[in-house]
Every structure is written in C-alpha cells, then in structure tokens.
Amino acid sequence: MKAVTDADFESEVLKNDKPVLVDFWAEWCGPCRMVAPILEEISKEHGDKIDIVKLNIDENPKVPQQYGIMQIPTMNVYKDGEVVKQIMGAKPKAALLKDLAEFI
1 MKAVTDADFE SEVLKNDKPV LVDFWAEWCG PCRMVAPILE EISKEHGDKI
51 DIVKLNIDEN PKVPQQYGIM QIPTMNVYKD GEVVKQIMGA KPKAALLKDL
101 AEFI
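So the sequence shown is numbered by UniProt numbering: it starts at 1 and just counts up by one.
It is possible that part of the hints are untrue.
As the list claims (entries may be wrong) - DMTMM-like mimics (lysine to aspartate or glutamate), calculated; alpha carbons at most 20 Å apart, straight line: (1) K54 <-> E41; (2) K98 <-> D48; (3) K44 <-> D6; (4) K2 <-> E45; (5) K2 <-> E12; (6) K93 <-> E40; (7) K44 <-> D17; (8) K54 <-> D6; (9) K62 <-> D6; (10) K79 <-> D99; (11) K91 <-> E27; (12) K62 <-> E27; (13) K91 <-> D17; (14) K62 <-> E82; (15) K62 <-> D99; (16) K18 <-> D99; (17) K49 <-> D6; (18) K18 <-> E41.
For the record, the hints were derived by calculation from the structure and aren't laboratory data.
Hey, can you work out the whole structure from these sequences and the hints?
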C-alpha cells in the first residue's frame, strides 16, 4: 500500500483515473493498525479496480483538515476528484468489502 502526502495528494488521488480509498491514520492509533492489514489484502485482491493509499495525519495535517477528518481511522473514497464515500472506524474485511462493493 502506497503512502501519500499533502504534496502529492492531488496527483495521486484527485487526478487518478480509478477510485482511490484514502486511509487517514496515525502511528498511535490502535484501530488504524487493526484495519491496515485488511486494507492491504483488499488492495492485493482488487487493486485493478481501486487504489488504496494511506495518509499519516500527523505528518500531513493539510489534507485531513481540508476534508474535515475529525477521527481516525476514516477512509474516504475519491472518484473524479470528489469524495463519494466515507467509512469511519475499523471494520472487519467483510464489512469493508460491502462498503466498497460499488467500486470493486
């Protein structure tokens, strides 16, 4: 899974041809660490249809502030430069796949 930053967010996410799930996370966030391997699996299984990237909110405060990210983990799906879905909190793989069904 690729990490994105405030600097490359626009080129990697907003201008991407595919839908992109952005995992807003931080090193100190336990639920974020729980969801990371699940997102890694989904990325491997469905990477042809959706890109999954992570953005560390402590190292990159600009983008989370811009999108009003108040709690983590929050996962936003961007399509054509717009947020089309927001998933909040750690969830099991089956629930995440259900949330992402329209994109994969």
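Do the hints match the structure? See the list:
1. Of the supplied pair hints, the one linking K54 and E41 holds, its CA atoms being roughly 14 Å apart against a limit of 20 Å.
2. This hinted pair checks out: K98 and D48 have alpha carbons roughly 17 Å apart, not beyond 20 Å.
3. The suggested pairing of K44 with D6 is violated, with an alpha-carbon distance near 24 Å, which exceeds 20 Å.
4. Restraint check for K2 and E45: satisfied, since their Cα atoms lie roughly 15 Å apart, inside the 20 Å limit.
5. Under the criterion of a C-alpha separation no larger than 20 Å, the hint pairing K2 with E12 is consistent with the structure, at around 10 Å.
6. Pair hint K93 plus E40 holds up; C-alpha atoms about 10 Å apart against a cutoff of 20 Å.
7. Of the pairs offered as hints, the one joining K44 and D17 holds, with about 18 Å between alpha carbons and a cut-off of 20 Å not exceeded.
8. Restraint check for K54 and D6: the C-alpha separation of about 11 Å stays at or below 20 Å, so the hint holds.
9. Taken as a hint, the K62 and D6 pair is honoured in the structure, with Cα atoms around 6 Å apart against an allowance of 20 Å.
10. Between K79 and D99 the alpha-carbon distance is near 15 Å, which keeps this suggested pair within the 20 Å criterion.
11. For the proposed pair K91 and E27, the alpha carbon gap of about 18 Å is at most 20 Å, so the pair holds.
12. Restraint check for K62 and E27: the C-alpha separation of about 17 Å stays at or below 20 Å, so the hint holds.
13. Between K91 and D17, the direct Cα distance comes to roughly 26 Å. Violation of the 20 Å bound is thereby established for this hinted pair.
14. Distance hint between K62 and E82 is fulfilled; the C-alpha atoms sit about 17 Å from each other, no more than 20 Å.
15. Between K62 and D99 the alpha-carbon distance is near 26 Å, which puts this suggested pair outside the 20 Å criterion.
16. Between the alpha carbons of K18 and D99 the distance comes to roughly 17 Å, so the proposed pair stays at or under 20 Å and holds.
17. With a CA separation close to 24 Å, the supplied pair K49 and D6 exceeds the 20 Å bound.
18. Of the pairs offered as hints, the one joining K18 and E41 holds, with about 18 Å between alpha carbons and a cut-off of 20 Å not exceeded.
Hints 3, 13, 15 and 17 from the list above are not met by this structure, while the remaining hints are.
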